[in-house]
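Novice: What follows is the residue order along each chain.
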Amino acid sequence: MAYKIVASQCTNCTACEALCPNMAISEAKGTFVIDPALCTECIGHFEDPQCVAICPVDDTCVLDASVPRYQPA
Amino acid sequence: MTDTLFSQDPDSTREASSADGVVDISDVMQKVAEHKGCGTEGGSGKASCGSSAGPADMPPEIWEKVKNHPCYSEEAHHHYARMHVAVAPACNIQCNYCNRKYDCANESRPGVVSERLTPEQASKKVLAVASTIPQMTVLGIAGPGDPLANPQKTFETFRLISEVAPDIKLCLSTNGLALPDWVDEIAKYKVDHVTITINMVDPEVGQHIYPWIFWENKRLQGYEAAKILTERQLLGLEMLTERGILAKINSVMIPGINDAHLVEVNKAVKSRGAFLHNIMPLISAPEHGTVFGLNGQRGPSAQELKALQDACEGDMNMMRHCRQCRADAVGLLGEDRSAEFTTEKIMAMDIEYDAEGRKAYQQAVEGERQAKVAAKASELDGLEKAGDISVLVAVATKGHGIINEHFGHAKEFQVYELNAKGAKFVGHRRVDLYCQGGYGEEDALDTVIAAINDCHAVFVAKIGGCPKADLEAAGVEPVDQYAHEYIEQSALVWFKDYLGKIERGEIVHQQRGDAAIRQGALLSQAG
Ligand code: SF4
Ligand code: SF4
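Chains A and B are the protein sequences, given in the same order. All residue numbers for the first sequence refer to my numbering, where the first residue is 1 and numbers rise by one. All residue numbers for the second sequence refer to my numbering, where the first residue is 1 and numbers rise by one.
The following block holds chain A by itself, in its conformation from the complex (with noise of 0.2 angstroms):
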């Protein structure tokens, strides 16, 4: 799974966007968003999942359960 940005409770601090390892969240359309392709959990580059461990806003960056968890190479 990825992770995703719940739009409605997202403040548009841009705090997360520079922190992605992967440059997987980006602006759309008044709020952040990211791109489940790109998102590795933050797996191999950090402990925890930067987006969620900057967001002011508590569950706004969430697992996306649409999605098959990342796999490691």
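Keep in mind the hints are simulated off the structure, nothing from the lab. Predicted model only: the values in this text are computed from it and were never measured. For each residue, glycine too, the CB sits at the ideal point set by N, CA and C. Keep in mind that a hint or two might mislead.
[As the list claims (entries may be wrong)] So the derived label-pair ranges between C-beta atoms look like this:
hint : chain 1 : residue 1 : chain 2 : residue 2 : range
1    : A       : Leu-38    : B       : Glu-368   : 57 to 65 angstroms
2    : B       : Thr-132   : A       : Gly-30    : 25 to 33 angstroms
3    : B       : Gln-362   : A       : Ala-18    : 32 to 40 angstroms
4    : A       : Ala-18    : B       : Thr-343   : 21 to 29 angstroms
5    : A       : Arg-69    : B       : Gly-289   : 32 to 40 angstroms
6    : A       : Ile-43    : B       : Gln-303   : 51 to 59 angstroms
7    : A       : Arg-69    : B       : Arg-243   : 31 to 39 angstroms
8    : B       : Arg-298   : A       : Leu-38    : 56 to 64 angstroms
9    : A       : Val-6     : B       : Gln-511   : 51 to 59 angstroms
10   : A       : Leu-38    : B       : Ala-348   : 32 to 40 angstroms
11   : A       : Asp-58    : B       : Glu-356   : 52 to 60 angstroms
12   : A       : Ala-18    : B       : Glu-340   : 52 to 60 angstroms
Chain B with the ligands: place on chain A using the hints.
Specialist: Positioned in the frame of chain A, the structure of chain B with the ligands alone reads:
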């Protein structure tokens, strides 16, 4: 990381850094101590903050830096203006008094920053405003997040502005977590004023204020988080002092959590060279959605705040004129002209930066300020008979140090303390109602009276019959005979008259009660 952090004892690092031969903090502190005394025992009715006393008792290099700064100089803020641009939305810590859905409600930037600007938009906005409003001398970056959690945007904005308008002073406000990493960059852009919000120097206290920090790619909580934060804040402060960059400290007073502790904070920041300490009341209401708002944490009353400021003032310069202004406000403090400068309007503007016109204006202002100081000095004779009597008075003013606002139009009152030493500015009382939808007209007057209830009199340019009677009934004397005259001079004339009445037995001096601090965090446009 451990190299740059304090070990157990912050003092050991301090000594280490001076042993390295950079600049001895105690030397710097000596200078700061030498100009201390402003507003405390000056005896000539000086106003509150570090810079208000003017050149007489402040080192020239510090006076030079603060004299036109409307945030730091209580006297200058009547004449000069600052603006903030919102280029820094990201934050690296969470505070219990902040709800990021509405931007930070404390740290002198409550309310809603309506738009997020790119560095290019921000610099164009600054130049447009500076060309239109010659009083605009200071540009600040304060958020809505932390400027140093957005370093590229912050420093690019400074770079663009300093290229076209080198006369504009640059300042920034930070929570301090990232400060040590950016001090050299701050020095490079000649940022001469940095504000650090320091609410504690003890992690035991800090863990009740900060739920988490983002540090080295992890979210840390509790004691550990607060310990790193305080170490980084104090290290950053020392590094600024070593480089001669002015550092002001903001503290949010949170009753029951850090109110008593702020005296410790005051000592800690003073010993590290901070030139000014600004203690602000917590702004907290359930509708703000902050942790403190939701758990019923109250803010301090006006007298609690003043008592703490007084307790700290013996030690260093306190700042009392901070209005916790809106982050994107434009204009003289307390007067918001931001509607004239929306991004849309600015991007369409053709801007020619008028350096000469600005200089001429600023010279005229210097003359006006000197006239005011002279007027105040003329009324200091004959105050000895005040003895121990000390009273507060509220003043309705639009600025320039003059009583020039109608009672009913005042969005805030300036409060002066009058005693044998003269007239001293001690704070503001906000009474603006735009953030409190649902308040009727009749409640408005009650709100005003509650806000200035500790004052013996209120000075206004004009006042209607009804509020006049209500004020008198509440024991606050409405005074309108000094309309359009200098505040401090008029207040002292009134005070001597008041003392005369006591002497003749016409009235008996009585203490007034406490007053309420407005809790409106300017959230009206949220949502
Ligand atoms: S979990 Fe990591 S990789 Fe995925 S979007 Fe968040 S920061 Fe990027
Ligand atoms: S950190 Fe959270 S609130 Fe900020 S932009 Fe990312 S998802 Fe939105």
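Novice: Would you pick out the hints that fail for this structure and give their numbers low to high?
Specialist: Numbers 7, 8, 12, in rising order.
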